[in-house]
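Enquirer: Spelled out from the first residue to the last, the chains are:
Number of protein chains: 2
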Amino acid sequence: MTDTDHAAFIRLTYQLAAEAAGRGDDPFGALLVVEGRVVLSAANTIHTEHDLTRHAEMNLVSLAARTLPAEALARSTLYTSTEPCVMCTGAVFWAGIPRVVFGCSAPAVAQVYGATWAVACRETFGRLRSSVEVVGPVLEAEGLPLHRAAGD
Amino acid sequence: MTDTDHAAFIRLTYQLAAEAAGRGDDPFGALLVVEGRVVLSAANTIHTEHDLTRHAEMNLVSLAARTLPAEALARSTLYTSTEPCVMCTGAVFWAGIPRVVFGCSAPAVAQVYGATWAVACRETFGRLRSSVEVVGPVLEAEGLPLHRAAGD
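Chains as they are written, first to last, in our numbering: chain Z, 1 to 152; chain G, 1001 to 1152.
Here chain Z stands alone, though its shape is the one from the complex (with noise of 0.2 Å):
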């Protein structure tokens, strides 16, 4: 996988994420990659359905446990518009997921919205005895606005 199709799955969570504050969720969003094809999406959904516990990733990797067989999350990669926060992280690490390529850093959006709940997902990764590759930040600069946009 080059860094070009990172940038290309990173923007589509970015609109995935813009989508969902149009929506009146939070601006975040994730993809399932499948040997470079798109097989599942989701986004935010925590003010729509009520349930804090909806994080983009919450929601991807919920589809994808109910949808598809662990021998295809095992070849998966996902993307997301923001890193893991340590609930998606450890959502991640259940399913099976052997990779995660994120868009904005927690630090930086967790610094957006004046938050102290920034944790790397790598440490989270590394306490659990995880193998999960990480790749991050991706385009940031392009990410960013967005919470910018919803911290206003």
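Hints in this document: simulated from the structure, not taken from any laboratory.
Even for Gly, the Cβ is constructed at its ideal location relative to N, Cα and C.
A few chain G residues that don't get close to chain Z, going by computed Cβ distances all over 12 Å:
1) A1007
2) A1008
3) A1018
4) S1041
5) P1098
6) A1108
7) V1135
8) P1137
9) L1139
10) P1145
11) G1151
Facing chain Z, according to a computed beta carbon distance under 10 Å, are these residues of chain G, among others:
12) I1046
13) V1061
14) C1088
15) V1092
16) A1095
17) E1123
Beta-carbon label-pair distances, calculated as ranges:
18) Z/R11 x G/A1149: 46 to 54 Å
19) G/G1022 x Z/P107: 43 to 51 Å
20) Z/P69 x G/G1114: 19 to 27 Å
21) Z/T67 x G/Q1015: 31 to 39 Å
22) Z/E49 x G/A1072: 16 to 24 Å
23) Z/A141 x G/R1129: 23 to 31 Å
Starting from the structure of chain Z, add chain G where the hints point.
Expert: This is chain G only, laid out in the frame that chain Z set:
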């Protein structure tokens, strides 16, 4: 809240865990208690829902978010049969639940399953700079047989 109350609620989570196992799910159960009263309960449904994210605490937090006002969550205690995993710890954090009481510790349960994913939830809350109070293990010896039976 006395230690006796904790024991009674933890025994209820073990009962929920046993019922989950009876349905073909994994032996985990959780309760939400507000002012000494059980207001919600949930159990693991990962097999019956074909969704590995459906841990007892995730189901409970989702249900709580959808059905209770935030101010009730802010006065609640989550009781769970086993120390919450990283995913569920994150969900508790996002929910603003101020206290967790667990039965069996993550290391003890991981050992039963021969697994390496044990992470202390106190450590995760600490990394999130959260002030969630954690109590446990409570009656661990009464809970571990549920896992030994499932691990066989």
